[in-house]
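Colleague: Can you build the whole structure from these sequences, using the hints too?
The listed protein sequences derive, respectively, from chains U and S.
Heads up: the first sequence is residues 12 to 327, going by my numbering.
Heads up: the second sequence is residues 55 to 197, going by my numbering.
Hints are computed from structural coordinates only; laboratory data are not their basis.
Any given hint could turn out to be false.
Computed, partial: chain U to chain S, Cβ under 7 Å [to be verified]: (1) S34; (2) Q152; (3) G217; (4) N219.
Label pairs and their in silico Cβ distance ranges [unchecked claim]: (5) S:G84 x U:K315: 36 to 42 Å; (6) U:S262 x S:N101: 22 to 28 Å; (7) U:L319 x S:S143: 19 to 25 Å; (8) U:S262 x S:H116: 33 to 39 Å; (9) S:S143 x U:E134: 52 to 58 Å; (10) U:S262 x S:G130: 27 to 33 Å; (11) U:L99 x S:N101: 46 to 52 Å; (12) U:A226 x S:N101: 21 to 27 Å; (13) U:E66 x S:S143: 20 to 26 Å; (14) S:D80 x U:A161: 41 to 47 Å.
Here's a subset of chain U near chain S, in silico, CB distances under 8 Å, partners left out [as the list claims (entries may be wrong)]: (15) L36; (16) A151; (17) G213; (18) S261.
Cβ coordinates follow ideal geometry from the N, Cα and C atoms, glycine included.
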Amino acid sequence: MNFKQIMGLFVLTTSTQVVATGSSLVASGGITSFEGTAGGGITPWAVIAGYGSAEEINGTAALQQLDLGEYQLRTFGAAIGIYDRVELSVQRQNLKVESGVVGNVFNLLTAGAIQTAPGTDIEQDIVGLKVRLFGDAIFAQGTWMPQVSAGVQYKKNRDFATSLPLSDGAIPLPDTGVPKLLGATKDSGTDIYLSASKLWLGGAMGNNLLLNLTARMTKANTFGLLGFESANDDGYNLEWEGSLAVLPSSSTAIGIEWRTQSDRLGGLAEEKTVMDVFIAYFPDKHWSLTAAYVDLGRLPFDEKASGLYLSATVNL
Amino acid sequence: MKKGLLVILVVALTACAGQPSVSLYDEIGGSETLDKVFGLAVNRIYNDPKLGPHFNGVPKSHLRKMLTEQTCALIGGPCTYTGKSMRESHQERNVTEAEFYAVVEHVQQAMRLIGLTYQQENRILAALAPLKKDIIYQQTTTI
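Modeller: Here it is in structure tokens:
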């Protein structure tokens, strides 16, 4: 977390003390996923960002950090919820890749001629739109009908073609960033998803129970951080994502999540199903804090890419 | 040995079966508790500057009695709700979703202050929640 982000969060947190949030019940807006969309930590939910009711416009600002050792993913962004119907979001992602990984990639590609290289950053921007189609996740009790939303995430990888310089400044592969190097053929893509969310009040021995299921059509490699499409696969794949949470108190949610990924690039960029266990704390309607253990499955030269995930959302 | 196991099994089963037979209504202390909860909730609602005006002309005691009766009936108590339907009583009042949520929060607070557990609170809310669709934005339905 850099200084700018910390200051940003500080300003947001202190300024919200005088600004009212929306009217909806605490925790009903979920948290903010690392793609900027209201949801869980790694997947969208059908809820609209913020605590706005059908008459209100509210929003969220959030930041997330996932520490994977050789990789660090830092993300931040903001979302606006309009009349509990439409959600607009913007998100910046920064995947910091340690020099050991970049050196290993060059080592492999040059058959040992180049063995070390400086670390690099892969950045991606995401613009999201979500629309609640029907349903009321919380108040439609006594029925199985969930709240259902449809959304799109336009993703643009900013470092698809950013050259990787060696320590002496030489550029062995001009205009080739990590995503391109690993076989991705596009620098942008649009994910389309459908999310269904349902909360059972008192559903788990009196505690509230939340279930979310998301189906996503995507061309992204590792969420787009490793680019989009590949030479022999440029079509959409269907991925499944889910969250299951229990709220043992009005301010706490504990749960698990998963998210499938198609292994389009293979080789170094092989993808596996992402999983996490999380605990989210909602002290009041102004902010929430989430800690999770995320298992990303695999990243290049990191067979066990897992680590601590922290996420903070401020409600405006 | 076999007989011993069977006895344990039967005892365990009846113990399990015995628990859910206590209705939520009895568990929380019946209408006496509900009356306290809604006494407090109605006070809070009438004192809320955004909600109070909606209840001009409705005596506090009447609303308290109706809410107690209705909730009692919905959570397995021996009551019959004698009031108007939700659609009828909210007709032309144009209750917004924000106002509805504010009422829910007052009722939640009242349940907590009276000493209901979080789990009892959730189960009561589950019984009341479906009323939302008949409460908000009822101004146009009868024309």
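Colleague: State for each hint whether it applies.
Modeller: Comparing the hints with the structure gives:
Among the interface hints, the one on S34 (chain U) holds; its C-beta lies about 4 Å from the nearest C-beta in chain S, closer than the 7 Å criterion. The restraint placing Q152 (chain U) at the interface with chain S holds, with a minimum CB-CB distance near 4 Å, inside the 7 Å limit. Checking G217 (chain U) against chain S: minimum C-beta separation of about 2 Å stays under 7 Å; hint holds. Given hint, N219 (chain U) at the interface with chain S, holds; its Cβ is 6 Å from that chain's nearest Cβ, closer than 7 Å.
Checked against the hint of 36 to 42 Å, the pair G84 (chain S) and K315 (chain U) fails, with Cβ atoms roughly 56 Å apart. With their beta carbons about 25 Å apart, S262 (chain U) and N101 (chain S) fall inside the hinted range of 22 to 28 Å. Between L319 (chain U) and S143 (chain S) the Cβ separation comes to about 52 Å, which falls outside the hinted range of 19 to 25 Å. With their beta carbons about 35 Å apart, S262 (chain U) and H116 (chain S) fall inside the hinted range of 33 to 39 Å.
A beta carbon spacing of about 56 Å between S143 (chain S) and E134 (chain U) agrees with the range 52 to 58 Å that was offered as a hint. At about 28 Å, the CB distance of S262 (chain U) to G130 (chain S) agrees with the hint of 27 to 33 Å. Distance hint check for L99 (chain U) and N101 (chain S): the Cβ-Cβ separation is about 37 Å, which falls outside the suggested range of 46 to 52 Å. Distance hint for A226 (chain U) and N101 (chain S): a CB-CB separation of about 47 Å, inconsistent with the stated range 21 to 27 Å.
Between E66 (chain U) and S143 (chain S), the C-beta spacing of about 21 Å keeps the proposed range 20 to 26 Å intact. Judged by the Cβ atoms, the range 41 to 47 Å given for D80 (chain S) and A161 (chain U) holds: they are separated by roughly 44 Å. Annotation: interface hint on L36 (chain U) holds; nearest CB of chain S at approximately 6 Å, less than 8 Å. For A151 (chain U), the shortest C-beta to C-beta distance to chain S is roughly 7 Å, which falls under 8 Å, so the interface hint holds.
At its closest, the beta carbon of G213 (chain U) sits 4 Å from a beta carbon of chain S; the interface hint therefore holds under the 8 Å criterion. The closest approach between the C-beta of S261 (chain U) and any C-beta of chain S is roughly 6 Å, which is under the 8 Å cut-off, so the hint is satisfied.
The structure does not agree with the numbered hints 5, 7, 11, 12 stated previously, though it agrees with the rest.
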